[in-house]
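A.B. asks: As a plain string of letters, each chain reads:
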Amino acid sequence: MSLAAPLAGSFRDPSGHIFVTDGVVYRQVSYRYKANYDLLINSGFYESAVRSGLLIPHEEVSNALRDEDAYKIIRPRQIDTISYPYEWSFSQLKDAAILTLELQRVALEHGVWLKDASAYNVQFVGSKPIFIDTLSFEKLPDGQPWVAYRQFCRHFLAPLALMALVDIRLGRSLQLHIDGIPLDFAAGLLPWKTKLNPGLAMHLIMHAKADKMSGNAETKTVKKHFKLVELQALCDNLKSTIERLTWTPGGTEWGNYYSETNYSDTGMNAKRSIVKSMLEEIHPKKVWDIGANTGEFSRLASALGSQVVSWDIDPAAVEKHYLAAKQASDELTLPLLTDLANPSPGIGWGLQERDSIFDRGSVDVVMALALVHHLAIGNNVPLPKIFEVFYQLGKNLIIEFVPKVDSQVVRLLRSREDIFTQYTQEGFEHALSDKFEILRVEQVPDTSRTLYLARGRT
Amino acid sequence: MLTIAQNFTQHVAYIDGGTGSFLIQALIAGVVSAGFILKQRWATIRTMISGRKVGRS
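Chains as they are written, first to last, in the numbering used here: chain X, 320 to 777; chain B, 1080 to 1136.
Isolated chain X, as found in the complex:
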């Protein structure tokens, strides 16, 4: 192990930090956190939380760095792809919220509590959420209110309420507010009927007012000793408030794509078979399926044992994909709400606190099926620029060319001038060949579409 600096986003909590050495993620536990770390282990909480699948397991390793501030160095189970709350569907954020509260419930039973409740502390192993910040726990202080309550409401309750009751796309506003959505902002956007929901009225509307008023308040001591049962009741009420929030996908852009597409059964089966054989040729460890919709083709990759991140811009498609993956206990596929035309940027301090999605690659195979016409015609991105980005993202590319005679392209061009003179099969192959070596070309039977397998030039 060689000397390694903390990760750029690991600086808020003085209890320790994350660092990466030789591609492996470690967590330094500082002496400052010694008593709490020992309690975490000796109280039985760690074992209980790990056994229940709530908390990430770790092993203690030697302090080869000779870091004088390090009480312990731990190596947690490695997470394949880090994702952020603004990239999650409604149910992903809801499941992360419930996981956090369940962990707090177990923690309180063991005389510890969560000292922070950031949504960034939850990650997904495929469709399974898991809490990754081992240093987020401390000895339950006597008689205190929950210090992370406001953070929990900002990171989870406010965005979930906005997504369920105002507009699903408001989940993306978490990207603008790195420490969660301000409660007064959420309260101002929620409809009046929110006041009839006791949980939301208390935890959001009244909470926002109390927060605002306290800024102008005169400080005075009031005696209030919080009992354990009161903390348990608070968290139980938060949990049932969140469980009652629902959002049903439907009526959005690609929600019914496969049932409404112009593919015949023959064409669709042939496409599956060709994509599968192309994947088998590469045997990728990691795949990014861009424009994955509900994951029809992502499943071909995960069935071969690949770790798949499935990007889509449609909240309904990502939600349906996640729910299906969750039902199948799929730990290989991670659906994410991401737009290739406007991908998640680096945000936070120095633009490095949360990585851009490009910085979380590159992968063995990028799949771009039924996508290129949306980029080239729908978004006016020239073909060479499209392939520059695909080249940056992955070593190999499985891509589908959709010609102008295809009904989907006809639809895109129906209400606009066709300025896309380069958008021909010849122009496509020419632009592709600049960055990639074409390995296979397969016409999809019963369609006008063509599938390509290409390898990035070195």
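Read the hints as simulated data drawn from the structure, not as lab findings.
Take the hints with a grain of salt, since some may be wrong.
[Said to hold, decoys possible] Cut-off 30 Å, straight-line C-alpha distance, at most; resulting in silico cross-link-like pairs (DSBU-like, lysine-lysine):
| # | chain 1 | residue 1 | chain 2 | residue 2 |
| --- | --- | --- | --- | --- |
| 1 | B | Lys-1118 | X | Lys-558 |
| 2 | X | Lys-546 | B | Lys-1118 |
| 3 | X | Lys-558 | X | Lys-447 |
| 4 | X | Lys-458 | B | Lys-1118 |
[What the hints assert, rightly or not] Pairwise CB distance ranges (calculated):
| # | chain 1 | residue 1 | chain 2 | residue 2 | range |
| --- | --- | --- | --- | --- | --- |
| 5 | X | Ile-398 | B | Gln-1119 | 32 to 38 Å |
| 6 | B | Tyr-1093 | X | Gln-397 | 25 to 31 Å |
| 7 | B | Ile-1116 | X | Asp-341 | 49 to 55 Å |
Given the structure is predicted, the values throughout are model-derived calculations rather than measurements.
Don't be surprised by glycine CBs; every beta carbon is placed ideally from N, CA and C.
Once you have looked at the hints, place chain B on chain X.
C.D. replies: Then chain B, alone, in the frame of chain X:
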């Protein structure tokens, strides 16, 4: 004038819990605790009843 609970903030935390948040928790905890205790007791009774039924069968 709002009176805030200064003694809540004595606990040393690395994030700002917010004084208003501490105050509203005191209020909410008072409202929801009785219901929570009843819910827990009801769950215990149900477990005992279902345990007896399983025992009989």
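A.B. asks: Indicate, hint by hint, whether the structure satisfies it.
C.D. replies: How the hints compare with the structure:
1. Lys-1118(B) to Lys-558(X): 14 Å, holds
2. Lys-546(X) to Lys-1118(B): Distance ~17 Å between Lys-546(X) and Lys-1118(B) Cα, so the pair holds.
3. Lys-558(X) to Lys-447(X): Answer holds: Lys-558(X) to Lys-447(X) is near 18 Å, not above 30 Å.
4. Lys-458(X) to Lys-1118(B): 27 Å, holds
5. Ile-398(X) to Gln-1119(B): 32 to 38 Å: 35 Å, holds
6. Tyr-1093(B) to Gln-397(X): 25 to 31 Å: Since the Cβ atoms of Tyr-1093(B) and Gln-397(X) sit about 26 Å apart, the hinted range of 25 to 31 Å holds.
7. Ile-1116(B) to Asp-341(X): 49 to 55 Å: 52 Å, holds
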